[in-house]
Each structure stands twice: as structure tokens, then as C-alpha cells.
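Residue numbers (numbering that gives the first Met the number 0), protein chains in the order written: chain G, 0 to 109; chain F, 0 to 877.
These are calculated hints, taken from the structure and not from any lab test.
Check before you lean on any hint, since a few could be wrong.
What the hints assert, rightly or not - Okay, derived cross-link-like pairs now, DSBU-like style, lysine-lysine, Cα gap no bigger than 30 Å in a straight line:
| hint | chain 1 | residue 1 | chain 2 | residue 2 |
| --- | --- | --- | --- | --- |
| 1 | F | K134 | F | K341 |
| 2 | G | K74 | F | K56 |
| 3 | F | K56 | F | K9 |
| 4 | F | K629 | F | K557 |
| 5 | F | K14 | F | K56 |
| 6 | F | K84 | F | K134 |
| 7 | F | K14 | G | K74 |
| 8 | F | K465 | F | K84 |
| 9 | F | K9 | G | K74 |
This is what each chain is made of:
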Amino acid sequence: MPKAKPDLLQGTLDLLILNALQRGPIHGFGISVAIRATSREALRVEQGSLYPALYRLEEQGWIRAEWGVSDNNRKARFYSLTAAGRRQLAVEVSHWEQLSSAINLVLKAT
Amino acid sequence: MARFLNFLRKPRLEKEMSDEMRHHLDLLTAQHIAAGLSPEEARYAALREFGHVEGIKENARDVRGLPWLEAILHDLRDGGRMLRKNPGFSLVTILTLAIGIGATAAIFTVVNSVVLQPLPYREPDRLLALRESYKGKQPFRFTGAGRVTFREWLAQSTSFSSLATAYPWARTITDPGAPVRYYAWRVSTNYFSTLGVQPVLGRTFLPDENSPGKGNVLVISHRLWLGRFNGRPDIIGQQVHIEDQSYTIVGVAPKDFMPEPVVDPAFFVPDPDPIISTDPKVVLFPRYIEVVGRLKPGVTAREASQEISAISARIARLYPATNADWTAYVTSVLEPQIEEVKSFLLLLLAAVGFLLLIACVNVANLLLARASTRTREIAVRCALGASRRRIISQLLCESLMISLLGSALGIVLAYVSVSFLAGHAPLSLPRAQVIAIDGRVLAGCCVLAILTGLGFGLAPALQASKVNPQLALKEQGRGTSAGGRGLSIRRFLVAFEVSLALVLLMAAGLVVRSFAALQQVPLGFQTHTAYLAKNTLPPAHYPTPESQDLFVQRATEKFSAIPGVHSVVFASHYPAFGRNDRAYKIDRHPELDPRNLPYAACFVCTPSFFRALDISLVQGRFLEARDDAKAAPVAVVSRTFAEKYFPGENPIGQSLTLVNPDGASRTIVGVVGDIRDMGPLSERTLQIYVPFSQAPMPNPSLLLRVETSIGTLQPALRRAMDAIDANLPVSIVPQLDFTDFLHETYPTQRFALFLFATFAVVALLLSALGIYGVVAYSVTQRTQEIGIRLALGAQARDILNMIFSQTGRMVGAGMLVGLVVSLLTTRFLKSYLFGIGEYDLVAFIAVPIFLGLAAWLACYLPARRATKVDPMTALRSE
Chain G
0 MPKAKPDLLQ GTLDLLILNA LQRGPIHGFG ISVAIRATSR EALRVEQGSL YPALYRLEEQ
60 GWIRAEWGVS DNNRKARFYS LTAAGRRQLA VEVSHWEQLS SAINLVLKAT
Chain F
0 MARFLNFLRK PRLEKEMSDE MRHHLDLLTA QHIAAGLSPE EARYAALREF GHVEGIKENA
60 RDVRGLPWLE AILHDLRDGG RMLRKNPGFS LVTILTLAIG IGATAAIFTV VNSVVLQPLP
120 YREPDRLLAL RESYKGKQPF RFTGAGRVTF REWLAQSTSF SSLATAYPWA RTITDPGAPV
180 RYYAWRVSTN YFSTLGVQPV LGRTFLPDEN SPGKGNVLVI SHRLWLGRFN GRPDIIGQQV
240 HIEDQSYTIV GVAPKDFMPE PVVDPAFFVP DPDPIISTDP KVVLFPRYIE VVGRLKPGVT
300 AREASQEISA ISARIARLYP ATNADWTAYV TSVLEPQIEE VKSFLLLLLA AVGFLLLIAC
360 VNVANLLLAR ASTRTREIAV RCALGASRRR IISQLLCESL MISLLGSALG IVLAYVSVSF
420 LAGHAPLSLP RAQVIAIDGR VLAGCCVLAI LTGLGFGLAP ALQASKVNPQ LALKEQGRGT
480 SAGGRGLSIR RFLVAFEVSL ALVLLMAAGL VVRSFAALQQ VPLGFQTHTA YLAKNTLPPA
540 HYPTPESQDL FVQRATEKFS AIPGVHSVVF ASHYPAFGRN DRAYKIDRHP ELDPRNLPYA
600 ACFVCTPSFF RALDISLVQG RFLEARDDAK AAPVAVVSRT FAEKYFPGEN PIGQSLTLVN
660 PDGASRTIVG VVGDIRDMGP LSERTLQIYV PFSQAPMPNP SLLLRVETSI GTLQPALRRA
720 MDAIDANLPV SIVPQLDFTD FLHETYPTQR FALFLFATFA VVALLLSALG IYGVVAYSVT
780 QRTQEIGIRL ALGAQARDIL NMIFSQTGRM VGAGMLVGLV VSLLTTRFLK SYLFGIGEYD
840 LVAFIAVPIF LGLAAWLACY LPARRATKVD PMTALRSE
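Generate the whole structure from the sequences, applying the supplied hints.
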């Protein structure tokens with residue numbers, strides 16, 4: 000299946016997930032929907048990367064998972080940011096800003 | 000850590016993950032339904048979008064679990080399944096390894112305990128044994144030193160912080176309990192402190208306990224304490240009678256304290272202060288005092304050695320008559336105990352190393368064979384996406400499992416064989432009591448297991464992992480390309496193990512031949528059901544030769560009256576038991592230099608000696624009861640003796656003189672057959688027999704030849720002895736069991752024979768197994784080819800010839816190499832061979848034939864199966 004959208008830049012998935020969780024606990028599906036919606040369909044997270052990333056972030060203590068009940072009354076696993084996750088998000092955002100402004104500079108120079 | 004917890008919580012995590020993903024899929028489906036798709040289409044779309052669920056799970060697992068641990072566990076499970084699925088293969092490989100590792104561990108345990116373990120003393124490497132050596136015409140290193148020499152060392156040496164002495168002293172404990180004669184040691188009072196040995200109970204000797212009136216104290220061995228005194232805790236302070244004197248037990252030596260390698264002393268008494276005198280008796284005191292010294296800090300063994308040799312040179316000038324040709328040397332305390340067996344044990348270790356190598360080669364061979372039959376399975380795994388690393392790790396896991404199981408079983412085998420070896424070790428094996436498997440051996444086994452597992456699993460694993468799935472699958476798993484090369488490796492391995500087996504068999508063959516030669520040497524005497532007891536008649540009760548003779552006569556009479564006693568002998572000593580060499584003159588040959596008289600073995604014995612030992616009469620008569628103190632002095636000599644001094648004449652009526660004890664001229668009344676009193680290896684056949692009544696002594700040994708078991712006779716013997724002297728022992732000391740002792744006359748040969756023969760038989764079986772495996776495998780591989788040959792008209796004989804010629808090349812090459820290696824190595828066996836050379840033609844012809852026959856059989860069984868191939872079936876199976 001050819002990919003319709005460009006791959007995410009490496010390392011940005013963590014940033015996107017942490018960012019999506021800022022607004023409160025959501026489940027895995029919710030995260031993928033949120034990223035797609037807020038990027039106006041430009042960014043699409045493959046499920047194959049999403050879940051390993053979620054487990055890795057959980058492992059690192061940046062997010063926390065809890066079982067809850069979803070809108071349609073089903074048991075679902077909700078992820079939320081921890082304090083460490085918030086700090087990490089700030090770090091990732093500033094990294095991203097540095098990186099993107101640097102890339103913009105390069106592009107403008109040519 | 001968190002990952003490890005995750006690993007433990009795996010089942011729950013696994014379920015949560017499935018739930019979560021199912022939830023995700025459901026939501027996706029719902030979204031698609033909302034967009035207008037039918038539920039079914041929506042579900043497919045969701046699945047398509049989500050991707051490969053199991054793949055995602057796998058990636059997710061890797062993130063939070065321990066993928067390598069899981070992989071290993073998985074491999075172990077798989078490996079276990081494979082082992083269970085092929086029980087024959089598993090059993091053979093595991094057993095082969097177990098035998099190799101078990102035998103190696105057992106022999107290494109013996110080497111480790113006997114040679115490598117230090118003695119249980121404080122800083123044993125600072126202890127040295129000081130000894131004298133003769134550097135005259137026939138140089139000889141003595142195992143002890145003379146009293147005078149020791150006295151001078153003590154006075155002049157500055158290298159040692161202390162010097163201690165010990166020498167043997169056999170005595171009878173008469174009370175409490177029945178009188179029993181023991182082997183004991185007289186030691187200097189600083190003996191225990193010099194060695195740094197602490198008693199388990201009580202104390203050792205005080206410095207002044209070597210002075211008159213204070214020396215009646217005993218330190219007993221741990222064994223005597225547990226045995227005779229039942230390990231009673233209040234043993235310290237107990238009074239013990241040793242013959243006429245009363246002693247106080249002051250200490251119990253530790254269990255592992257065995258200062259003498261073979262027979263450990265039962266108790267220790269303080270040696271009286273060495274008398275300072277120039278009395279020739281003291282000067283001449285035999286050089287059998289063991290001297291041990293503890294080096295001062297900073298002094299090296301070399302410096303100490305130079306110092307004591309220098310002192311010996313001065314003594315030699317002081318006492319030229321006795322010390323002119325004597326010098327001294329030092330050695331480690333352990334070394335002299337083990338020097339005789341060290342090279343033999345290392346030889347055994349080498350032999351068992353060969354065995355281990357054969358076992359490993361066999362296992363490698365089996366693993367290779369299996370790897371090539373699994374080409375198809377591995378190709379399938381590759382095709383399904385297994386990485387090369389995973390394939391190798393899986394195969395290694397399997398071989399490691401085999402080697403770990405093999406060594407676990409091997410360790411069990413080692414425990415069994417070590418207890419067997421320790422129980423059946425020859426008396427001459429020093430430190431046999433301390434042989435035990437220790438951590439070093441176990442660690443060695445584990446390392447060996449891992450090394451063999453990796454070493455012999457790696458080659459097949461690497462080879463298997465190179466499989467090209469496409470080719471392998473196309474070939475229907477026959478894998479002829481991989482198999483073809485695998486087979487040549489396996490042929491090489493078989494040739495290799497055949498050569499190893501030949502070397503081992505050759506060693507065994509030589510030892511067997513040598514043992515057979517030994518057995519054929521006539522000893523000249525028989526010792527069936529003969530038992531021995533040592534006696535010392537206390538001088539206070541038996542002061543004169545007459546009283547000693549009277550005791551012997553009464554005892555002979557009383558014991559002979561006991562039913563079941565065949566004969567009763569008293570003698571100075573017996574063949575294989577002690578030595579009593581005396582200088583003699585032949586009255587007809589006055590030209591013999593009186594200062595340098597010849598010595599012969601001299602048996603001072605009661606008349607029954609000859610019949611009890613079945614010594615043959617050549618000429619004249621045996622000694623008889625009439626040759627008593629009042630009769631004319633007589634002697635009987637051996638055949639060699641008679642032929643040496645009276646060639647072509649009648650020896651009867653000739654006379655000889657024994658310088659000791661009386662110097663009386665004795666008439667030769669009989670000639671008897673030669674006996675080899677020091678065993679079949681001994682060349683000493685000059686023997687003189689003198690009647691006990693004409694030369695009584697205070698310490699005659701009793702020999703009983705019995706018709707029933709000695710145990711049932713003990714009470715009667717005790718009663719008979721009580722009637723003569725209730726304070727004398729009649730104990731048959733267990734290790735002096737005469738029959739056993741003579742079996743032990745060539746203990747090293749016997750032991751070597753047993754071990755080499757065992758190794759060789761196992762080696763032979765293993766290599767036959769190897770040959771069988773390779774031939775059977777190649778026959779299976781070539782079923783089609785053989786089918787075609789048969790279909791084209793080949794006869795069964797042609798097929799047999801074809802297989803035999805291939806196997807023959809492989810076995811022949813192995814045997815050739817083995818023969819060359821044998822030619823180069825059998826010289827190491829030389830000192831253990833008797834009656835044959837190390838290049839014994841019989842062994843060098845018989846062994847290859849024997850091995851060839853075994854190889855033929857191992858090849859014939861599978862080859863015959865090849866001739867039974869039905870061409871139609873073989874071709875159709877394609």
C-alpha cells in the first residue's frame with residue numbers, strides 16, 4: 000500500500016503525541032484522530048508506530064495510562080501527561096522550534 | 000528494571016494490549032460506518048488502515064519487554080521441543096557429552112585433590128622439607144635426614160624460623176579397650192606449631208614436653224578419636240596405656256591433617272630432646288627423620304638450600320666416616336608426597352582429555368548431521384522472515400541445552416566415579432582420602448559445558464544459517480549442496496576421532512600387555528587367606544632372647560590348636576611386608592671384602608614359614624623344629640643364592656655367616672625356590688632363612704593362614720592370646736590384610752590398566768558410533784543414487800564395496816595419523832610398562848586390527864541397509 004502522506008520526520012512523533020495529550024486524557028485512537036485533524040489531514044500516524052511509541056513514552060515516565068470508559072461506553076485505555084512529560088514536551092517544542100527556524104533559514108538563503 | 004517487571008507481568012500486559020487495539024479498530028470501524036460504508040466494508044477498511052495487527056503488537060512488545068530474553072526463552076522452549084521430538088538423538092548426544100565431561104571431571108578431581116590442592120597448613124608455600132642425599136657411587140635422594148645432620152642444621156642454619164622433626168613409631172595401645180597396635184609418629188614439640196596446625200580439641204605439645212618425665216602426652220588423630228574413642232567430647236585428659244607406660248591425651252588433630260600421604264599416623268608423641276653426643280650409634284642413626292622447616296620472612300627456598308648444603312659439607316668434614324659422600328637438599332612439603340604419582344596422573348589427564356575430545360567430535364558430528372537434515376525447516380524459517388541472527392541463536396540455544404544437560408549428567412557421573420576411584424585407588428596413591436569434587440571442578444565443568452555447547456554448536460549453526468531458502472526449498476529439503484560439504488567435514492571429524500581412539504587404544508593395549516607379562520612372573524609363594532599381625536614384645540616382660548623364643552613357641556602352640564587355623568608362623572617379616580637385609584660372609588669365600596659385605600634378604604622364621612607360604616623345596620630340607628637354640632646353627636638359602644656361590648657343587652653342608660646377630664657359622668641344610676619378596680618387579684632373589692629359635696627378636700610378626708573367615712576367629716585368637724599375655728594385641732590391622740596387600744604389589748599398573756582400558760573401550764564405542772552415524776547418514780542421503788545404481792544393474796556387493804571404500808579411506812586416514820601420534824607418544828608410558836618395550840609390535844599390530852574390525856562393523860550395519868534399497872521406491876520418492 001503506497002503511502003499517501005510523507006513520513007513523519009524522525010523524532011517528531013513523540014512531540015506530536017505529547018502535544019496531543021496536553022488537552023487532557025485521550026485514548027490511542029483519539030490521539031491519531033487528533034493529530035490528523037489538527038494537521039488538517041496533513042499528518043497521519045501509522046498505528047504501527049503509534050502504539051510502540053506510546054509504550055515507550057509510558058516506560059520513560061512521560062505519560063501515564065489508565066483504564067477508563069470511552070464516549071461510547073466502552074472500556075478504553077486513556078493516556079495523560081505526567082509532570083515529567085510536561086517538561087519533556089517543553090524541551091521537545093523548543094528543539095523543534097530551533098530545528099524548523101534553522102531549516103527555514105537554510106531554505107531562504109538559497 | 001521496569002522492563003523486567005513488565006516481563007513478569009507479561010500475560011496481563013499482553014491482554015491489555017489486545018484490548019486496546021481491538022478498541023482502536025472498533026472506533027475506526029465506527030468512523031467508517033458513519034462515513035457511509037457497510038459494517039463489513041467498514042471493518043475491512045479499518046483493518047487495512049490499521050495495518051498488520053500482530054506485527055504492531057510484536058513491535059510494541061519489543062519496546063516494553065525484554066526481546067532478547069523472550070527470544071532465548073522461546074528458543075529454549077523450541078529446543079526442548081526438538082530434544083523431546085528426537086529422543087534417540089538427544090539421548091545419544093547428551094550421554095556422549097556426559098561421559099566425556101564426567102570422566103574428565105573425575106580425573107581432574109583426582110589431579111586437583113592430589114596434586115593441585117595445597118596441604119592444610121598455614122602458608123604451606125613457606126614450608127620446606129629438608130633431606131639428605133647420597134652423592135657417592137650410586138647417588139640416591141633420601142627421604143629423610145640423620146640425627147647428627149639435623150642437630151647441625153638446628154645449630155647453624157639461619158634460614159628457618161623453626162625446624163621440626165617426625166619419625167615413625169609403631170606401638171600398641173593396651174588400655175582402655177583391647178590391645179591394638181598402631182602406626183604412630185614421634186614428633187618434635189614444635190612440630191604442630193611449625194606446620195601451623197591447630198588441634199580441634201585440647202592443645203598440641205608444650206616446648207618442655209621433650210624433657211624426661213614430661214613426655215607422656217599424646218595428640219591423637221581425628222580418626223582414632225572417632226574410631227577407638229567414639230568421638231567422646233571428654234577425651235582430653237584421658238589416660239591411655241601404651242604398652243607399659245601411661246600417657247595423657249592432650250589434643251585431637253584436625254580431620255584433614257594427614258602428614259603422611261598413604262597411612263596416616265594414629266597418634267603423636269613428643270620426641271625426646273635429640274641427644275647431643277658423638278656416640279657412633281647416634282651418628283649412625285638411620286637417615287629417616289623427616290625434617291620440616293618454616294622459612295623466615297624474606298628468605299627464599301634457594302637460599303635455604305644453599306645454606307643447608309654448605310652445612311652438610313662442614314658435617315662431612317667433621318664425620319668423614321659416615322657423612323663423606325652426603326649432601327642435602329630442600330623440597331616443598333607436598334612435592335615428595337606426590338612426585339611418584341604426579342606424572343602418572345598427568346598422563347591420565349591427557350588420556351581423559353583425548354576421550355573428551357572424542358566425545359566433543361562426536362557431538363559436533365551429530366549436530367552437523369542434524370543441522371543438514373533440518374535445512375528445509377531452517378529455509379522455511381528464513382522465508383518467514385527469521386533473521387540470520389535469530390537462526391544462529393536458536394541453533395546455539397539447542398546445542399547449549401544439550402551441553403548443559405550433558406554436563407549436569409556428567410557431574411552426576413563424576414560424583415559416582417570419584418567415589419569409586421577414591422574407594423579403589425591403590426594404597427600407593429597419596430592423599431586419596433582428600434579426593435573430592437570442589438568448586439573449582441564444578442566451575443570447570445560449567446565452563447566446559449558452555450565452551451563445548453558454543454564450540455560444537457557454532458559451526459553447524461553458521462553453516463545452517465547460510466541456507467538459501469529458495470534453493471533449499473526447491474531441493475525438497477534434500478539439501479544436497481549443503482549436505483555434501485557437511486558430509487566432508489563430518490568425514491574429517493570421524494577420521495580425527497578414529498586417530499584419537501587409536502592413540503588411547505594403543506596406550507591401553509600396551510598397559511594390558513604389560514599387565515599380562517606381570518601376571519606371568521612367578522612370585523614363588525602363595526598367600527591365599529593369610530593374615531598378618533604385627534607384634535612387639537615389651538622389653539620389660541620379654542627381656543631375653545630365651546623369653547622371646549618361649550613366647551613364640553607357646554603362641555604357636557596355642558594358635559595352632561584353634562579350629563580353622565591352617566598354619567601359624569612367626570617371622571622377622573614376610574614377602575611384600577617389610578625388609579630385613581643382613582650382611583653375610585660365605586665361609587668358603589674369604590676374599591669378600593669385610594668392610595663391604597654383600598646383603599641378602601634374611602627371613603628369621605619359625606619352621607612353618609615355608610609350608611604356610613607354599614615355598615618350594617629344591618634340595619635338602621626346610622627348617623625344622625629340631626633347629627632350636629641348643630642345636631647347631633643352620634640356614635636355608637634360595638636357589639639363586641646357591642647357584643651364585645656354589646656353582647656346580649652341592650650347596651648342602653656348605654656354611655655361611657650372618658654378621659648380625661651372632662656371627663655364628665651356619666650350615667646350609669636346604670635350598671628353596673626363589674621368591675620375589677618385593678613383588679613381580681623385584682629382581683632381588685638372594686635369600687637366607689634362619690630359624691627363629693636360633694636368632695630370636697622382640698618384634699616378630701605373626702602370620703595366620705586360615706580356613707574360615709578371619710572375623711569368626713578373632714574371639715578364639717583373643718582367648719588364646721589372653722592365656723599367654725593379656726596385654727598383647729592380636730589385632731589384624733585392616734590395611735595389613737595380606738591378600739589385599741599382595742594384590743596391591745603392583746597397584747599403579749593395576750590402576751593404570753583399569754583406567755586406560757575403560758577410556759579405551761569408551762573411545763572405541765564413541766568412534767564406532769561416529770562411523771555408524773556418518774555412514775548411516777550418507778546412505779540415507781544417497782538413497783536415490785543407490786537406487787539408480789541398482790536399477791542400472793549394480794549388485795549388492797558393488798554397493799557395499801562403494802560404501803566400504805569411502806569409509807575405509809576415512810578410517811584408514813584416521814588410523815594412519817593415530818599410529819604416527821602413538822609412535823611419538825607411547826614413550827611417555829615407558830615407565831609404566833613391564834616386560835615389553837614402548838614400541839611393542841604385538842600392540843602395534845593388534846590394536847589397529849581391533850579398531851579396524853570395530854570400524855568395519857560400524858560401517859557394515861548401515862551399509863547393508865543400503866543394499867536393501869528397492870530401486871523403484873527409491874526413484875519414486877523423488
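Hint-by-hint comparison with the structure:
| no. | hint | in the structure |
| --- | --- | --- |
| 1 | F/K134 - F/K341 | holds, 25 Å |
| 2 | G/K74 - F/K56 | holds, 19 Å |
| 3 | F/K56 - F/K9 | holds, 13 Å |
| 4 | F/K629 - F/K557 | holds, 23 Å |
| 5 | F/K14 - F/K56 | holds, 11 Å |
| 6 | F/K84 - F/K134 | violated, 71 Å |
| 7 | F/K14 - G/K74 | holds, 13 Å |
| 8 | F/K465 - F/K84 | holds, 24 Å |
| 9 | F/K9 - G/K74 | holds, 20 Å |
Against the hints set out earlier in the document, a violation occurs for number 6 only.
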